[in-house]
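> Sequence:
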Amino acid sequence: MHNSTARPVHWWDIFLTAIAPVTWGSTYIVATELLPADRPLTAAMLRILPAGILLVCLCRHLPRKEEWWRLTILAALNLGLFQALLFIAAYRLPGGVAAVLGAIQPMFVILLCWGLAQQKPALITLIASVTGVGGMAVLLLSPEAAWDSIGIAAALAGALSMACGTYLARQWRSQMPLLAFTGWQLLLAGLMLLPVSLLTEPSLPALSPVQIGGYAYLCLIGAVLAYALWFRGISKLSPAAVSSLGLFSPLPLWCLAGYSWGKASLPPEWPVS
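Residues in the sequence shown are numbered consecutively from 74, following our numbering.
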């Protein structure tokens, strides 16, 4: 049920919510450096299905009859489509290109709020969104960046899917416990991706410990933790405010780029751990 009563925004809510896009930004690094190649749908499914099973079993909360259709739609938008498209973009695009395209999500949310809810955005909000994406493009894109058409379409479609899910999750506020609300969406989305991944992609090879660790990180940190914090943020912040935190998603890429630049700039005799 939608509650129109305005509540104060605390920095702690912003900080916790921002953790989610930061962890999703690390997806580009994990997918390309740690996981088996050319299995984006399998990676998306293994990220969210075990996480959903874990949370549903821990919470033991069954949704009410009238909640199922909303949960299914939100699961498809926030997780099923978004995660599949995110991994397709991660496998086909350089991390910087994928991050810049994904950062367009706040603009989609602003347009949805404006067009559907008649919530005209403040000029400063529009300027901040455009400036944020522009700044990311300057920092992360290089003249040699590869612009794969399928990867670009996946990144843009994923941003639109997540924007729609963020907007609807705010409009359809649920009375379910937060972890149950998160777990059922993860489980439903994972079940959507399971047959698609099995039918369209080859089976996984024998996994190394590093690859197992990569999948475990994506599941426990990138799904359980990140989505619990994301849906918590949606319940406390406006859709535009939540989606604008997606500008933090390139942070892991910036850190990696800074670390690589730092190593390259050291004299040859300096040890690097």
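It should be emphasised that the hints constitute simulated quantities derived from the structure, not laboratory data.
The structure presented is a predicted model; accordingly, all values stated were derived computationally and were not measured.
Even for Gly, the Cβ is constructed at its ideal location relative to N, Cα and C.
Any given hint could be a false lead.
Claimed, not checked - So the derived label-pair ranges between C-beta atoms look like this: (1) Glu-274 to Gly-188: 34 to 42 angstroms; (2) Pro-282 to Arg-143: 24 to 32 angstroms; (3) Trp-85 to Leu-271: 40 to 48 angstroms; (4) His-83 to Ile-294: 19 to 27 angstroms; (5) Trp-85 to Ser-276: 38 to 46 angstroms.
> Hint by hint, note whether the structure agrees.
How the hints compare with the structure:
no. : hint                                   : in the structure
1   : Glu-274 to Gly-188: 34 to 42 angstroms : holds, 36 angstroms
2   : Pro-282 to Arg-143: 24 to 32 angstroms : violated, 40 angstroms
3   : Trp-85 to Leu-271: 40 to 48 angstroms  : holds, 41 angstroms
4   : His-83 to Ile-294: 19 to 27 angstroms  : holds, 24 angstroms
5   : Trp-85 to Ser-276: 38 to 46 angstroms  : holds, 44 angstroms
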